[in-house]
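Under numbering that gives the first Met the number 0, residues 0 to 108 are what the sequence shown spells out, in order.
Calculated directly from the structure, the hints in this document are not laboratory data.
Computed from a predicted structure; not experimentally measured.
We treat Cβ as the ideally placed atom computed from N, Cα and C, and that holds for glycine.
Errors might be hidden in some of the hints.
Stated by the list, open to error - EDC-like cross-link-like pairs, simulated, lysine to aspartate or glutamate; straight-line CA separation at most 16 Å: (1) Lys19 - Asp52; (2) Lys19 - Glu32; (3) Lys42 - Glu8.
Stated by the list, open to error - Derived CB-CB ranges, DEER-like: (4) Pro94 - Ser20: 26 to 34 Å; (5) Ala48 - Thr97: 18 to 26 Å; (6) Thr5 - Ala68: 35 to 43 Å; (7) Ala87 - Asp60: 16 to 24 Å; (8) Ile85 - His47: 29 to 37 Å; (9) Pro94 - Phe43: 14 to 22 Å; (10) Asp60 - Ser88: 15 to 23 Å.
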Amino acid sequence: MTTAITVSERAARRIGEILKSEGDGAMLRISVEGGGCSGFQYKFDVDHARAEDDLVIAREDAVVLVDPASVPFLAGSEVDFVDDLIGASFRVVNPNATASCGCGTSFSV
């Protein structure tokens, strides 16, 4: 199983735009927490501190951090950004998820 987590070009552009407004050294932290209607949920935060054991994904102006506990849940995933009729949001295309809720923010493995 691959541990690679990728960021799409669209997501990298949007993350870069968000981080520019957050000041120097801002990074996007993606984590997985218990909760949501399917058991686990994705959490997106702006962070200015990187832990020594964080996985760092850099693409264009985007820097994404993933803590070591979340990496197995996100292994092989792609972070994308979609802008459609129901709104704009980040979407995680996760091959490890066996089910997800209707809105796509929570999942089970």
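Evaluation of the provided hints:
1. Lys19 - Asp52: The given pair, whose Cα atoms are some 24 Å apart, is violated under the 16 Å limit.
2. Lys19 - Glu32: Violated - the C-alpha atoms of Glu32 and Lys19 are around 26 Å apart, more than 16 Å.
3. Lys42 - Glu8: violated (20 Å)
4. Pro94 - Ser20: 26 to 34 Å: holds (32 Å)
5. Ala48 - Thr97: 18 to 26 Å: violated (33 Å)
6. Thr5 - Ala68: 35 to 43 Å: At roughly 20 Å between Cβ atoms, Ala68 and Thr5 fall outside 35 to 43 Å, so the hint is violated.
7. Ala87 - Asp60: 16 to 24 Å: Given range 16 to 24 Å: holds, Cβ gap about 18 Å.
8. Ile85 - His47: 29 to 37 Å: holds (31 Å)
9. Pro94 - Phe43: 14 to 22 Å: Taking Cβ atoms as reference, Pro94 and Phe43 lie about 20 Å apart, which means the hint holds.
10. Asp60 - Ser88: 15 to 23 Å: This hint holds: roughly 19 Å between Cβ atoms.
The earlier numbered hints that this structure contradicts are 1, 2, 3, 5, 6.
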